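Once you have looked at the hints, place chain B on chain A.
Residue numbers (our numbering), protein chains in the order written: chain A, 1 to 116; chain B, 1 to 114.
Hint data in this document are derived by calculation from the structure and do not stem from the laboratory.
Here the structure is a predicted model, which means the values were calculated and not measured.
C-beta atoms are modelled at their ideal positions from N, C-alpha and C, and glycine is treated no differently.
Treat the hints with caution; some may be incorrect.
[To be verified] DSSO-like mimics (lysine-lysine), calculated; alpha carbons at most 27 Å apart, straight line:
#1 B:K111 to A:K41
#2 B:K73 to B:K101
#3 B:K101 to A:K66
#4 B:K78 to A:K41
#5 B:K101 to A:K20
#6 B:K101 to A:K55
[Unchecked claim] Listed next, with one range per pair, are the computed distances between beta-carbon atoms:
#7 B:T99 to A:K41: 25 to 33 Å
#8 B:D26 to A:K14: 40 to 48 Å
#9 B:L113 to A:A72: 43 to 51 Å
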Amino acid sequence: GAVVSQHPSRVICKSGTSVKIECRSLDFQATTMFWYRQFPKQSLMLMATSNEGSKATYEQGVEKDKFLINHASLTLSTLTVTSAHPEDSSFYICSASGTGRNTEAFFGQGTRLTVV
Amino acid sequence: AQTVTQSQPEMSVQEAETVTLSCTYDTSESDYYLFWYKQPPSRQMILVIRQEAYKQQNATENRFSVNFQKAAKSFSLKISDSQLGDAAMYFCAYLGAGTYKYIFGTGTRLKVLA
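Okay, chain A solo, but in the shape it has when bound (with noise of 0.2 Å):
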């Protein structure tokens, strides 16, 4: 299957600072990319979709200001955490789908982000 790179893994950030994610998908065009949040033991919650070179399509109660989402190029989309706080730490996956119907999603391998 096509390859999604997501950076960091890990990362530990102070309340108040800014933290980018990225995803990258390696060898396939990603027309459209997903940023999902997962809670320990629980199921992947859409936050926002984007498409390349538009504004991002952010689900009910994902506070836009506070989760930039920027997609401009077909294989690079980033996930900012602004002003981050405590309850932002979580664990965040991104996923990448190309063209065309029948489109399957390819993952990227998670960001679990720590806001001390």
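Chain B alone, transformed into the frame defined by chain A:
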């Protein structure tokens, strides 16, 4: 709205035995795809098997097979000859043909007993 339900939070199976994980879904769409993903302790989501709704034949991938009952909106995963490496969280997922947005179930934690 579409929903995916996994009613078994946890399952156990003896090594080399067979186990079936349940998944039901609700949708009014006629064209969609169903998936089973595995999430081991590394947290990497790994695709186990996929099923196109328009196909009547159940998908199989080596030791993994599904029982897809479209009318009943049921999509169970059977793991044969269970191995220790099969221990993980398993998520059932739905993807409508007109969207790229996955809907995940709450997951089933599978334990494999030696």
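Against the structure shown, which of the earlier numbered hints fail to hold, in ascending order?
The structure breaks none of the hints.
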